[in-house]
Amino acid sequence: MPKIKRKYYRRAQEITNSVINSVQYIDNASLLKNNPPLISNNNLENNNQLSYEDSDNSQYNNYSESEGFNNYNSDSDPDNCTEHTNFINNFEPVIADDFPNSIIPSLQRWTIKNNITHVALNELISLIQCKYPELPKDARTLLGTPRMVNTNVVSPGYYYHFGLSNCIETLLSRCSFQNLHCIEVNINIDGLPLCKSSSSQVYPILCNLVENYNEVDVVGIYHGYEKPADANVFLQPFTEEAKNLTLHGIKIKDHIYSFKIRSFICDVPAKTFITYTKGHSGVIYPYLNNCNLRTDNDFRLKLQEDHHTGTSILESIPNINMVNDFPSDPMHLIFLGIVKKIVVSLWCYGKPKTKLSFRQMSEISKLLINQRENISSEFNRKSRSLFESKRWKATEFRTFLLYTGPVVLKSIINYDQYLNFLTLHVAITILSNSKHIKQHLDYSKSLLQYFVETFIILYGKENASHNLHHLLHICDDVEKFGTLQEFSAFPFENYLQYILKMIRKNNKELEQIVSRITERNYCVNHNLKIRNNEPEFSNPHFNGPLINSHNCNQFSKVLFKQFILKQCKPDNCCSLKDGSIIVIKNFIVNEDGPVVIGNKYKTVTDFYTVPCKSSKLDIYLVSDVGNLESWDLEQIANKCIKLKFENKYVVFPLLHSE
1 MPKIKRKYYR
11 RAQEITNSVI
21 NSVQYIDNAS
31 LLKNNPPLIS
41 NNNLENNNQL
51 SYEDSDNSQY
61 NNYSESEGFN
71 NYNSDSDPDN
81 CTEHTNFINN
91 FEPVIADDFP
101 NSIIPSLQRW
111 TIKNNITHVA
121 LNELISLIQC
131 KYPELPKDAR
141 TLLGTPRMVN
151 TNVVSPGYYY
161 HFGLSNCIET
171 LLSRCSFQNL
181 HCIEVNINID
191 GLPLCKSSSS
201 QVYPILCNLV
211 ENYNEVDVVG
221 IYHGYEKPAD
231 ANVFLQPFTE
241 EAKNLTLHGI
251 KIKDHIYSFK
261 IRSFICDVPA
271 KTFITYTKGH
281 SGVIYPYLNN
291 CNLRTDNDFR
301 LKLQEDHHTG
311 TSILESIPNI
321 NMVNDFPSDP
331 MHLIFLGIVK
341 KIVVSLWCYG
351 KPKTKLSFRQ
361 MSEISKLLIN
371 QRENISSEFN
381 RKSRSLFESK
391 RWKATEFRTF
401 LLYTGPVVLK
411 SIINYDQYLN
421 FLTLHVAITI
431 LSNSKHIKQH
441 LDYSKSLLQY
451 FVETFIILYG
461 KENASHNLHH
471 LLHICDDVEK
481 FGTLQEFSAF
491 PFENYLQYIL
501 KMIRKNNKEL
511 EQIVSRITER
521 NYCVNHNLKI
531 RNNEPEFSNP
541 HFNGPLINSH
551 NCNQFSKVLF
561 KQFILKQCKP
571 DNCCSLKDGS
581 IIVIKNFIVN
591 EDGPVVIGNK
601 YKTVTDFYTV
611 PCKSSKLDIY
621 LVSDVGNLES
631 WDLEQIANKC
641 IKLKFENKYV
651 VFPLLHSE
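Numbering-wise, the sequence shown is residues 1 to 658 according to UniProt numbering.
No lab work stands behind these hints, which were simulated from the structure alone.
One should not assume that every hint holds.
Below, computed lysine to aspartate or glutamate pairings styled on EDC-like, alpha-carbon distance capped at 20 Å [said to hold, decoys possible]:
hint	residue 1	residue 2
1	K566	E373
2	K557	D571
3	K393	D416
4	K438	E378
5	K253	D296
6	K602	D592
7	K260	E184
8	K113	D138
9	K445	D476
10	K251	E184
11	K566	D632
12	K353	E479
13	K243	D296
14	K566	E378
Could you put together the complete structure from these sequences and hints?
In structure tokens form, the structure reads like this:
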């Protein structure tokens, strides 16, 4: 064995122990005896599947950047290939299924999850190969790394096409669907700068399934130091494949499914780029009511010549409506557009007429920071001060509009401003919940119209932007596509951050990205365990509380399909199917099945009554908990966010848990 420096040896030994421990599962048979099949050991939960979070909590946040850029050995890096040749893989990949009891599947998952470099993995393999002789000698063989990557010239950069059908197969392998006849997808195209010191950038074409919109994969990706000179050349491989799939369907495991692109989810600059239309700053028009809406036929005939800059190749895809199938993205339109404008441009850094006082900003900031402990694990970011609002991310603006804002702003800002903000809050809450959409969609349209009119009165016509105009049309998109989450760019933006973490050095960026994606798809698709819809119990304990002590298994955590509930705050509040709000104290499984134990709030009232009663949106002001009770686990309807307000709590339903 070659000599290794002491510090590197210690680092490798730590990694070795981590991997070995990951496959030495603790035997809790005595602890979990007589449990139903839905119960899973916590170690299995952590090691037998990749844990993906909600759209707010990117499913790719577990990837670590700790390896850095400087320790990568370019001599052994397959991304250093200087030729653009046919895709060749000279390394025979290791199939994990050939070694069912081996360390190989765990090692592959661990490498992908933690973004381990080939150099570090080779070092680890050399240390543990004597104990695990089935391990290959090289990381590239273990991960199925491509030897060379074939890229095509798309001026002024290069493009790699993974394939739309390959992308769909990958997405289908990560979930299970029943009675699926037509495969519908959403497409996203956006630019991503790779670093601040140069103009290096990528333009990926991303895809997700309508039935499972939080999972994203890549169709193709462009890299250059400018955006593609011609969008039609950039989109040609995708368009040709999309046309073929639309006309002939897609074959998955000897079954042919019909195929449809449901929507293109893009921000305004990307949308104008791929549709060859004028940008949002290209035309100035008066604010008019009752204008005729643009149609697909009008668009194709170019009846408004000034609106077009050319003809898009996307028009050749069958069944694509060039107007209605390009919805306004809620993330950019509402949260990074309107809410950011109100909070940052008007309240925090606006003109004296609209700006909040230093005292108001300080009070609101203090309340926001105090709410941090009440923000549940589904949220990637905790509340920050208004003084940092320029650096807030889209998820923070969404949290402020839907949850924390109505609580921390009450009685601090001007009532007219608060009512205007609350009107937007109610309208967007309705559009984020399928049940409310069925009952209150027309009411939401009226609220948005009222919001726009009062916004202009409060803040002036000079602040009536492109986003404000498009807000009036968002209800039409909801009517066609469903809740705001279902056609939002949040999952795609999360994936862009995952792409950033694939870059390990500032050279051959496209080849690096292709190699990392190929490795992930190879390893994850062979090893990923598809979760069923049954709740999974974990973290067994013996601490109670119990009602009528009897033989049972106790757990502190339950993983549902869309959210996590625990026996401790801030993840211990939920609503029941009868409308009750409870605080969870324990989960048990006995001979009658799974049970939740907790306290029900006795006093439940409306938090606000204007523009409507908050109870219509399942938002309540609660206090006074009752005695300990128990309910069947299946009675849980939704997780709730519980925010402190004076000496009581305001309870909001978790909107993205549907």
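We went through each hint and held it up to the structure:
1. K566 - E373: Holds: K566 and E373 sit about 15 Å apart, inside 20 Å.
2. K557 - D571: 9 Å, holds
3. K393 - D416: Violated, at about 26 Å.
4. K438 - E378: Since the Cα atoms of K438 and E378 sit roughly 26 Å apart, the hinted pair is violated (cutoff 20 Å).
5. K253 - D296: Status violated; Cα separation ~36 Å.
6. K602 - D592: 27 Å, violated
7. K260 - E184: At roughly 5 Å apart (the allowed maximum being 20 Å), E184 and K260 satisfy the hint.
8. K113 - D138: Roughly 19 Å between the alpha carbons, so the hint for K113 and D138 holds.
9. K445 - D476: Roughly 9 Å separates the two Cα atoms, so the pair holds.
10. K251 - E184: It holds: about 14 Å lies between the C-alpha atoms, which stays within 20 Å.
11. K566 - D632: 16 Å, holds
12. K353 - E479: Roughly 37 Å separates the two Cα atoms, so the pair is violated.
13. K243 - D296: The hint holds at about 18 Å.
14. K566 - E378: 12 Å, holds
In summary, the structure is inconsistent with hints 3, 4, 5, 6 and 12 from the numbered list given earlier, while agreeing with the others.
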